[in-house]
Amino acid sequence: MSEPLMPLWEVFIRNRSGMPHKHCGSVHAADATMALQAARDVYTRRGESVSIWVTPSSAITASDPDDKDHLFEPTASKPYRHPTFYTVPDEVGHM
Amino acid sequence: MSMGSAHLSTSADSSASLGPAPHAPAAAVFGYLLSLGDDALVLGHRLSEWSGRGPTLEEDIALSNLALDLIGQARLCYAYAGEVEGEGRDEDALAYLRDEHAYRNLLLLEQPNGDFAMTMARHLLYAAFLDPYFKALAASADPRLAEIGAKAAKEMAYHLRHAAEWVIRLGDGTEESRTRTAAALDELWMYTGEMFEMDASETLLAAQGIAVDRGSLRPVWEATLARVLAEATLARPADRWMQCGGRAGRHSEHLGRLLAEMQVLHRAHPGASW
Amino acid sequence: MYTQGLNSTDAAGPANADDPARLARFQGKVEAEDKIEPNDWMPEAYRRTLMRQISQHAHSEVIGMQPEGNWLTRAPSLRRKAGLLAKVQDEAGHGLYLYAAAETLGISREEMVEQLLAGKAKYSSIFNYPTLSWADIGAIGWLVDGAAIMNQIPLCRCSFGPYARAMIRICKEESFHQRQGYEIMLTLCNGTVAQKQMAQDALNRFWWPVLMMFGPSDRESLHSADTMKWKIKRFSNDDLRQKFIDATVPQGHYLGLTFPDPELAFDAASGHWHTGEIDWSEFKRVLAGDGPCNRQRMHTRQAAHADGAWVREAALAYAAKRAKRANALPQAAE
Numbered sequence: 000m001s002e003p004l005m006p007l008w009e010v011f012i013r014n015r016s017g018m019p020h021k022h023c024g025s026v027h028a029a030d031a032t033m034a035l036q037a038a039r040d041v042y043t044r045r046g047e048s049v050s051i052w053v054t055p056s057s058a059i060t061a062s063d064p065d066d067k068d069h070l071f072e073p074t075a076s077k078p079y080r081h082p083t084f085y086t087v088p089d090e091v092g093h094m
Numbered sequence: 000m001s002m003g004s005a006h007l008s009t010s011a012d013s014s015a016s017l018g019p020a021p022h023a024p025a026a027a028v029f030g031y032l033l034s035l036g037d038d039a040l041v042l043g044h045r046l047s048e049w050s051g052r053g054p055t056l057e058e059d060i061a062l063s064n065l066a067l068d069l070i071g072q073a074r075l076c077y078a079y080a081g082e083v084e085g086e087g088r089d090e091d092a093l094a095y096l097r098d099e100h101a102y103r104n105l106l107l108l109e110q111p112n113g114d115f116a117m118t119m120a121r122h123l124l125y126a127a128f129l130d131p132y133f134k135a136l137a138a139s140a141d142p143r144l145a146e147i148g149a150k151a152a153k154e155m156a157y158h159l160r161h162a163a164e165w166v167i168r169l170g171d172g173t174e175e176s177r178t179r180t181a182a183a184l185d186e187l188w189m190y191t192g193e194m195f196e197m198d199a200s201e202t203l204l205a206a207q208g209i210a211v212d213r214g215s216l217r218p219v220w221e222a223t224l225a226r227v228l229a230e231a232t233l234a235r236p237a238d239r240w241m242q243c244g245g246r247a248g249r250h251s252e253h254l255g256r257l258l259a260e261m262q263v264l265h266r267a268h269p270g271a272s273w
Numbered sequence: 000m001y002t003q004g005l006n007s008t009d010a011a012g013p014a015n016a017d018d019p020a021r022l023a024r025f026q027g028k029v030e031a032e033d034k035i036e037p038n039d040w041m042p043e044a045y046r047r048t049l050m051r052q053i054s055q056h057a058h059s060e061v062i063g064m065q066p067e068g069n070w071l072t073r074a075p076s077l078r079r080k081a082g083l084l085a086k087v088q089d090e091a092g093h094g095l096y097l098y099a100a101a102e103t104l105g106i107s108r109e110e111m112v113e114q115l116l117a118g119k120a121k122y123s124s125i126f127n128y129p130t131l132s133w134a135d136i137g138a139i140g141w142l143v144d145g146a147a148i149m150n151q152i153p154l155c156r157c158s159f160g161p162y163a164r165a166m167i168r169i170c171k172e173e174s175f176h177q178r179q180g181y182e183i184m185l186t187l188c189n190g191t192v193a194q195k196q197m198a199q200d201a202l203n204r205f206w207w208p209v210l211m212m213f214g215p216s217d218r219e220s221l222h223s224a225d226t227m228k229w230k231i232k233r234f235s236n237d238d239l240r241q242k243f244i245d246a247t248v249p250q251g252h253y254l255g256l257t258f259p260d261p262e263l264a265f266d267a268a269s270g271h272w273h274t275g276e277i278d279w280s281e282f283k284r285v286l287a288g289d290g291p292c293n294r295q296r297m298h299t300r301q302a303a304h305a306d307g308a309w310v311r312e313a314a315l316a317y318a319a320k321r322a323k324r325a326n327a328l329p330q331a332a333e
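Listed in order, the protein sequences are those of chains A, B and C. Residue numbering for the first sequence follows numbering that gives the first Met the number 0, starting at 0 and increasing by one per position. Residue numbering for the second sequence follows numbering that gives the first Met the number 0, starting at 0 and increasing by one per position. Residue numbering for the third sequence follows numbering that gives the first Met the number 0, starting at 0 and increasing by one per position.
Some clues are possibly wrong.
Pairs of lysine to any residue, SDA-like flavour, derived with a Cα cap of 25 Å [as the list claims (entries may be wrong)]:
{"hint": "1", "chain 1": "C", "residue 1": "171", "chain 2": "A", "residue 2": "61"}
{"hint": "2", "chain 1": "C", "residue 1": "323", "chain 2": "B", "residue 2": "175"}
{"hint": "3", "chain 1": "C", "residue 1": "171", "chain 2": "C", "residue 2": "85"}
{"hint": "4", "chain 1": "C", "residue 1": "28", "chain 2": "A", "residue 2": "61"}
{"hint": "5", "chain 1": "C", "residue 1": "283", "chain 2": "C", "residue 2": "117"}
Since the hints were derived computationally from the structure, they do not count as laboratory data.
Construct the entire structure; sequences and hints are all you get.
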């Protein structure tokens, strides 16, 4: 893999005043400002929002799924297994 | 004579259905609307050329949003222009059946997209002007123009933010991105003067509170650029001879090619509906 | 839709060493129409199949921007210009939602893109055909999006949560695409002689490639049984294709067009439209890289990606600089 990974951000949108923010997907962006703009451009094209939250996917802590069996180390800490969550030592090279 | 001053003409009472303010010659308003519409259409067309070619999927979508805003603005201006002219020309007749010498857009906007730095630099230079421009137009003595201004002002605020954030990142990113962005600004600078010029006709409209005094926006434009370029660690290009002629239909060699492509299918089937 | 028929040439993986108890629990969830979420246990084959299917679906959306984008700068009215720009933009968005869904399975967007650009991933065969007239834009909306919808609606009930949710979002946006395409065809067929000929010519060129989009009969696919069992796939290729034909032929006749198939006939007994034999050798050829536009589509995508590298690099460099500055501030204050 030659290309450095662009950080992943989870997007939450409040559609109408009074409603809670709801998760609607993710975007790739280098920083929070651009993540917010990307979220606005990608997820609110049909006028679907009054408020947008973005957070780095790596900042999310998730609970265990109902099924407690795991084949590998518990993923309870991350919402899913995206490559940027796991740091690999430089000596190991690209993975 | 800026729009913010006490230049409220008596025509502020006109209802939207009566068209332009009574004291304004229809020809002047028509020409003015064409220049607004042509600016929007030409730049919107240029941005649509990025479709499928953006540096990221997110940016591809963002650029299309910018283009859609502008094409929407063009359609509003052309629709009104056709009514003012009163000869039955609709938005498509105006967009597709005028030759380049009848187009009144700024030279800045017909320049080729170049690389992403060139496109964002062009957008920053233009949005930094258009954002305060439409805010001022929202107070036009002509209710239709005021409506167009109000809607476009909301859109342009986002255009400016988007372009500014990119120029900052490209200016203060890598050596390569800085070089490209500095080169882009230098290349486009000679087209910025034209934004602030008005011919006799538009000057008359500004005096009547219908159009906006372009020159009055220079300080806010300079201030916006100064702020953004400083954060981008880029230098403001040196003042130089400014190119002009777009408003009079004297364009660069690029517009002819742009219109040839844009208009070819429509012109190949005269009178057809699509 | 864009995934039909793309799995048939893959070799079966090694026999699964999955724990039978977990497998049973997983299969039970699927049978009960429970959603499988990214952090749930799942068989490796399920994960691999989904990664491949979702990413290929995403690639198809992105490549699909090219044939339609080909007429953006020549759209013959401002309304069509705006409509087509919005449609192509939607396709970019759909690609993005799908890449995002695939990422939850443990692969990055960058890696998926690299697979596409290296020619290691497939995308729907239909996008390897050229758009030679404005009528092709109508035909693509009417036929290609029409075919896609046949598959996309069942996918909204797919067992994997992120994919199902992405498909629901996509289907909501897709509804205007097919209508827009059909409206273009209707306008052309009600227009000048030249316009009507343009529409007929587009149908003549796209009809068979669109039927091929559904993929060969499932008898020939190694994976159909699994994808059906896992509720990723709900209907067979042949069933979907027939459903599409039955819906579309009357629409074409309403337009006053003829279909390029001398054997096309309505069978009153079954209530279905019968078509002639599909030339599957063409499908295989196009999938293998010898379609009219395969190389062009790849080169365009590769160039766009390469041209954007310095931009992505700059954005990351700026973010790193800014983070460093932010970290440096508290120390500077001391």
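Verification of the hints:
no.	hint	in the structure
1	C:171 with A:61	29 Å, violated
2	C:323 with B:175	20 Å, holds
3	C:171 with C:85	14 Å, holds
4	C:28 with A:61	21 Å, holds
5	C:283 with C:117	19 Å, holds
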